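Visitor: Could you put the whole structure together from the sequences, leaning on the hints where they help?
Protein chains in written order, with our numbering: chain A, 6 to 245; chain B, 6 to 245; chain C, 6 to 245; chain D, 6 to 245.
Nothing false has been slipped in among the hints.
As the list makes no split between identical chains, a pair holds if one copy fits it or if it spans any two.
The calculated EDC-like cross-link candidates involving lysine to aspartate or glutamate, where the alpha carbons are at most 20 Å apart (straight line), are:
#, residue 1, residue 2
1, K232, D148
2, K124, D148
3, K232, D145
4, K124, E240
5, K216, D148
6, K232, E152
7, K131, E243
Quick caveat, the hints were computed from the structure, so don't treat them as lab data.
Nothing here was measured: the structure is a model prediction, and the numbers come from that model.
4 protein chains.
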Amino acid sequence: MSSIRVMVWNEGQHEKKHEAVQKVYPQGIHGAIAEGLQEAGYAVQTATLDQPEHGLSEAALEQTDVLIWWAHIAHDQVDDAIVERVHKRVLGGMGLIVLHSGHFSKIFKRIMGTSGNLKWREIGEKERLWVVNAAHPIADGLDDHFELQHEEMYGEPFGIPEPDSLVFVSWFAGGEVFRSGCCWYRDQGKVFYFRPGHETYPTYYDPNVRKVLANAVRWAAPTNGPKITVANRREPLETL
Amino acid sequence: MSSIRVMVWNEGQHEKKHEAVQKVYPQGIHGAIAEGLQEAGYAVQTATLDQPEHGLSEAALEQTDVLIWWAHIAHDQVDDAIVERVHKRVLGGMGLIVLHSGHFSKIFKRIMGTSGNLKWREIGEKERLWVVNAAHPIADGLDDHFELQHEEMYGEPFGIPEPDSLVFVSWFAGGEVFRSGCCWYRDQGKVFYFRPGHETYPTYYDPNVRKVLANAVRWAAPTNGPKITVANRREPLETL
Amino acid sequence: MSSIRVMVWNEGQHEKKHEAVQKVYPQGIHGAIAEGLQEAGYAVQTATLDQPEHGLSEAALEQTDVLIWWAHIAHDQVDDAIVERVHKRVLGGMGLIVLHSGHFSKIFKRIMGTSGNLKWREIGEKERLWVVNAAHPIADGLDDHFELQHEEMYGEPFGIPEPDSLVFVSWFAGGEVFRSGCCWYRDQGKVFYFRPGHETYPTYYDPNVRKVLANAVRWAAPTNGPKITVANRREPLETL
Amino acid sequence: MSSIRVMVWNEGQHEKKHEAVQKVYPQGIHGAIAEGLQEAGYAVQTATLDQPEHGLSEAALEQTDVLIWWAHIAHDQVDDAIVERVHKRVLGGMGLIVLHSGHFSKIFKRIMGTSGNLKWREIGEKERLWVVNAAHPIADGLDDHFELQHEEMYGEPFGIPEPDSLVFVSWFAGGEVFRSGCCWYRDQGKVFYFRPGHETYPTYYDPNVRKVLANAVRWAAPTNGPKITVANRREPLETL
Chain A
6 MSSIRVMVWN
16 EGQHEKKHEA
26 VQKVYPQGIH
36 GAIAEGLQEA
46 GYAVQTATLD
56 QPEHGLSEAA
66 LEQTDVLIWW
76 AHIAHDQVDD
86 AIVERVHKRV
96 LGGMGLIVLH
106 SGHFSKIFKR
116 IMGTSGNLKW
126 REIGEKERLW
136 VVNAAHPIAD
146 GLDDHFELQH
156 EEMYGEPFGI
166 PEPDSLVFVS
176 WFAGGEVFRS
186 GCCWYRDQGK
196 VFYFRPGHET
206 YPTYYDPNVR
216 KVLANAVRWA
226 APTNGPKITV
236 ANRREPLETL
Chain B
6 MSSIRVMVWN
16 EGQHEKKHEA
26 VQKVYPQGIH
36 GAIAEGLQEA
46 GYAVQTATLD
56 QPEHGLSEAA
66 LEQTDVLIWW
76 AHIAHDQVDD
86 AIVERVHKRV
96 LGGMGLIVLH
106 SGHFSKIFKR
116 IMGTSGNLKW
126 REIGEKERLW
136 VVNAAHPIAD
146 GLDDHFELQH
156 EEMYGEPFGI
166 PEPDSLVFVS
176 WFAGGEVFRS
186 GCCWYRDQGK
196 VFYFRPGHET
206 YPTYYDPNVR
216 KVLANAVRWA
226 APTNGPKITV
236 ANRREPLETL
Chain C
6 MSSIRVMVWN
16 EGQHEKKHEA
26 VQKVYPQGIH
36 GAIAEGLQEA
46 GYAVQTATLD
56 QPEHGLSEAA
66 LEQTDVLIWW
76 AHIAHDQVDD
86 AIVERVHKRV
96 LGGMGLIVLH
106 SGHFSKIFKR
116 IMGTSGNLKW
126 REIGEKERLW
136 VVNAAHPIAD
146 GLDDHFELQH
156 EEMYGEPFGI
166 PEPDSLVFVS
176 WFAGGEVFRS
186 GCCWYRDQGK
196 VFYFRPGHET
206 YPTYYDPNVR
216 KVLANAVRWA
226 APTNGPKITV
236 ANRREPLETL
Chain D
6 MSSIRVMVWN
16 EGQHEKKHEA
26 VQKVYPQGIH
36 GAIAEGLQEA
46 GYAVQTATLD
56 QPEHGLSEAA
66 LEQTDVLIWW
76 AHIAHDQVDD
86 AIVERVHKRV
96 LGGMGLIVLH
106 SGHFSKIFKR
116 IMGTSGNLKW
126 REIGEKERLW
136 VVNAAHPIAD
146 GLDDHFELQH
156 EEMYGEPFGI
166 PEPDSLVFVS
176 WFAGGEVFRS
186 GCCWYRDQGK
196 VFYFRPGHET
206 YPTYYDPNVR
216 KVLANAVRWA
226 APTNGPKITV
236 ANRREPLETL
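Guide: Below is the structure:
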């Protein structure tokens, strides 16, 4: 496990602009996520929007097994060429974990092919995440549910493909539910969407959230299966 | 649509024993369900546990396209031979819709192969059903959610196979969620589990619940696909 | 059923350039597909790449319940704005049926989010399509398999999301297999990919192929479920 | 990985009766399977039908993380109480890998809830297994396909629930296809069905087959998720 290399990407804009966010995440949202994954034994790097190539050069991705994506107010500022590059990497086997408001990121919409639409409400209500697939490795070490005292609400219907595995469903105090932990296989790669993580709440310090992310990295890490290539096999394998 | 033949099966025990249930369902739970489906244009019959062969003779099933199953306190009194018969019919193409506490019926556990375990609480709290697959025919004509003012609570994790399509997720006022509308293909047949319908609440008079059941009958009705047989094909189709 | 309105879209380039294709499809590939669907009772229109807006104006799509897409050598000539328009329509509920080499069309790659990669071989070998989901409505009226004497081969691994329902798997004489009938739900819409239909073979006159397409149109037709919108629900449904 | 404890169960009847089988599997089919898994670093035990409690006492299962099941001609001789015991264990988290003719075993039919029906032909034709989910951990280290020169044929439609992940599809020289590597989650447990392994062919010595089984053991091993219990939660989590 220790050999899995994680890149935590964060647009890093809220931290520059909003004191409330700085206070909760003095090292940035990416810093808090990275800290949790380092504790879990992974080799972790971080990158942000403002860096050259958003910190996601070919060389950087070459060293990345699993990419984590947090973004919210600057989706449009992400260079299309970088999105294309990440997309190709994921189809080629790099794991992708998209967090919270990343549901509207270019990369998530590109790889899902759907709208990513949802309902939301920002009053800091309680979220309770229920495990609905107790056998899934991402539920490893968890109780049947865990709570986040204050979170933004996301509500169904959520514009995503049916998950290949649905691991969590969230309950919100204000009356909604949400498929908050979703797994997909995409070509040679694996994608996990995890709902919690609004910038004004200390969600990424929560032990259960950190456990989920650590489990998700392990699940999403590349395996060495066959390549999905386009090829003209002129010769049949069998004599017709 | 009018040609689909529905059999509504109800163990019919609460109605004999509990005045509160009689008051809510003077024609029996099966009577209320049947009424709704008749209004939707189906040809509906009913049967109960106390009838010979529980009203589910081979002849009766031969005339049944979709079987609806409500049961709660008398699962053990259902004859194993009848369960076997129904199981075979479903695998052969007859639709099966299992309601509420039917999650612990012999037929549901037999065809699912899992425990059917869940949490429950009977304080008459509010249930809100959210559509999570807006494209599915069982969500036809519905808004994004509907409410039942008073219902028994069922909570996750629910011991079922991952649904082939998940249509509804329920929110409960007391803090739980539940996969409350689940579709499965099983051999030549289709199975739908629908959560609501506690015997002391007028759930089966609710217009949205009736719409769901009418949609589910149409979805579960037999199609004329190939049989899944066991056969020794001695001769290869191709020259090797 | 007769009220379902189908638009058969064909790039229509082979027919202009290759005499062999003209001979097999004198009315165009779209003509043969349309003929089969008209016989099945649908209201059918056709459109091709060379028309203004490729024949897919907002007005035309407004009158379309299910869009069928055949394309091969001119994917790049399809206007991105039209692809965007079709994509939005599908997410909004319009059915989409993508045929054969349409696996590399812009619309298919956009809505799948994957590569669409596959192997191929063009020697006119035999394809045999096996039903693997006997309960699915798209298998209605079919035997357990059917054959096409001459087809192009497509081989796995195929770069698609795991189908929400897999209906057909193809066997090829030369040694490959292929998931040749795949269903997906996408937001409010339904998508079906069907493999057969190389331009030099009379595939779209085949009675089984026509039955599959007629079934697929019925399955993919819009249902009237809830919209998947993005919305800020400022007020909680419940008192917190 | 080395800590995963595997129990290889084989009815062990062919080996007693048929010289041809003894010749191919002098240590029994279980012996060959066990050898491959030991080489992969697992702690492996074996058990057979003739042992007391078929070698599957509560104590033995308590020491088992993943159970492998090979059976063919003696399904009926397996004690129902043992089947019940294994079923409970799988639902509680023990991995189950069912091989070849185990599709008709009591435990497989019990946990699947379907017929297990299929077509077959025993002329020793060629089987070619294609990977259709290149991202799945069970495809780790494999090329896009591998071949078995001589195998029994199994053909679709196969009476199983839609797999939660479909990893392999087989091509047979005689003209059939088969979903030959299928994954399911069931309560807290994981189930993998793998098709190859007729008793008269040296399939379980094949390096690719051994790799698949080693991968499948790792995938199916228990994870420490929540229990799926039945519980009356009298007190709501929230104040209503």
